[in-house]
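Novice: As a plain string of letters, each chain reads:
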Amino acid sequence: MDIFLQQIINGLVQGSIYALVALGYTMVYGIMGLINFAHGEVVMIGTLVTITVAGTLLKAGMPVALAGMAGLMAAVLVCMALGWALERVAYRPLRHAPRLTPLITAIGMSIVLQNLAMMLWGRNYMTFPSLLPKVDFELAGANFTAIQIIIVLVSAATMGGLLLLVYRTKLGMAMRATAQNPAVASLMGVNINRVIAAAFVIGSALGALAGVMVGTYYEIAHYQMGFMLGLKAFTAAVLGGIGNLAGAMLGGVLLGLIEALGAGYIGDLTGGFLGSHYQDIFAFVVLIVVLMFKPSGLFGEKTGDRA
Amino acid sequence: MLEVTGLHVAYGGIQAVRSITFHVNQGETVALIGANGAGKSSTLKAIARVIDAVGGDVHFCGEKISRIAPHDIIRKGIALVPEGRGVFPRLSVLENLEMGAYIRNATVEAKKDLKMVFDYFPRLKEREDQLAGTLSGGEQQMLAIGRALMSRPKMLLLDEPSMGLAPIMVQKIFEVVRAVAADGMTILLIEQNARLALQCSQRGYVMESGEISLHGDSAQLLDDPKVRAAYLGE
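Same order as they appear, the protein sequences are chains A and B.
Position one of the first sequence corresponds to residue 1 (my numbering), numbered consecutively onward.
Position one of the second sequence corresponds to residue 1001 (my numbering), numbered consecutively onward.
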């Protein structure tokens, strides 16, 4: 029983992070039908920027809380700028190109960003500074930390804020209208370029936040960390129905839970033949199953009724 | 009010509109009629900057608007009701109308206009919270016109408002078009249903293979033997 509860907690934490990253994929896809494969790298750069900024400030003797906040702010700002630049430089010139072209560009941008990060931060694993106090709790035989609670709560609050933005503000309505019919949204006076840029910038800010969470949680970072995280978050977005915000949130949490429970029980189920280091296969088994049986995902629209 | 001079539209090598010139005076309803593919819709889209013209100028209220950004056309006071209606299917009726008022900040004024739209189209009031995609074709056309009015435009461009609608719906839509015109709106109307278009306009232009072949008072055009033979099915 305690391993079950333990894995549920671990899955929720990991799932909240997937959900935040998945939102970046799904927002961009919802508005312009593009899979921004470079999004995982944006998350990675968020983590590495935090290491540099918070690490430097800590060494200079700044209190942990302040250094952590500064690191987070720096990551969010850098990633927003990066998201904006990606759209402006890599995708906008291809707005009317065949669908495969921006997809290949996205993969190219992903490689460019990885190499850029390697040049700036080196190839070695880096230690993420301890920004949150290590407090442990115990509940019915399962252990969890303050960091885990904070990750889940901050993700939930951020996602709530995003839903308010999309469903209660003028910008949000413009984004939804643009997603449904960009030409007519433009007739209504919506500057399509600005709305698309906003989707990239907001998605990147969420990605930066997720990057800081990943760093805080695993205390380690690397220039290639965005690749697997990005693929899994993309899987989460597909699971929920890509283009659908609630779908990305649910898909992220579900994927985290599936992975955690799978990793927790795979040893018992296979009589010790496969161990928990096979964790990564679950995400991709999920991706394959979803694509085979329900390619539109849990909340996805049946067919593309995009105009 | 609207001056179109030498407007030229081409898609690749295909000439859709060949250097046409026409104008619409303030308070007037002008019909642009012609067969399928005559270039009517391309003309309207070029005016609204949905597509780029190859050549020619468009002036509105004395200001040149043929080079401005597409999303600024509505800020100049021109609202296009697009062909096929173009409602936002997964926004509610109310949200669609709010999108119409996107360029405006005065919520009190917009509320007043919302009441005006609901007076023109009581059906929309009943369906306020419904998703626009679930409306019938006629209701979507009402919504598209209502949405255009929400920007409080100086001029309406209507692209085939009767397309695909049941005759009774067409009648209803055109009653409102007449009412809106009677309230002082300037309208440029594109229609395949030439009789209907000429009946509710003061002047008309006939387009043929991208050129204006005939123009005059709508009443005259209705009596013109060539128009009667070609477009009124007589």
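Derived from the structure by calculation, the hints contain no laboratory data.
Heads up, some of the hints might be wrong.
So the derived label-pair ranges between C-beta atoms look like this [to be verified]:
#	chain 1	residue 1	chain 2	residue 2	range
1	A	L291	B	D1183	51 to 59 Å
2	B	H1008	A	T52	31 to 39 Å
3	A	H96	B	D1129	34 to 42 Å
4	B	M1116	A	R95	30 to 38 Å
5	A	T169	B	T1134	38 to 46 Å
6	A	V154	B	E1109	58 to 66 Å
7	B	P1089	A	H96	18 to 26 Å
8	A	P98	B	K1115	44 to 52 Å
9	A	T169	B	D1129	32 to 40 Å
10	A	P295	B	I1168	37 to 45 Å
11	A	T169	B	N1025	39 to 47 Å
12	B	G1027	A	L94	41 to 49 Å
13	B	M1163	A	V89	54 to 62 Å
14	B	K1115	A	P133	54 to 62 Å
Computed cross-link-like contacts, DSBU-like style, restricted to lysine-lysine with a CA-CA straight-line distance of at most 30 Å [said to hold, decoys possible]:
#	chain 1	residue 1	chain 2	residue 2
15	B	K1226	A	K170
16	B	K1064	B	K1125
17	B	K1125	B	K1111
18	B	K1115	B	K1064
19	A	K134	B	K1172
20	A	K170	B	K1125
21	B	K1112	A	K134
22	B	K1115	A	K170
23	B	K1111	A	K170
24	B	K1172	B	K1125
Each residue gets a CB set at the ideal place from its N, CA and C atoms; glycine is no exception.
Novice: Could you work out which of the previously given hints the structure breaks and list their numbers from low to high?
Specialist: Failing hints, ascending: 2, 5, 6, 9, 13, 15, 16, 18, 19 and 21.
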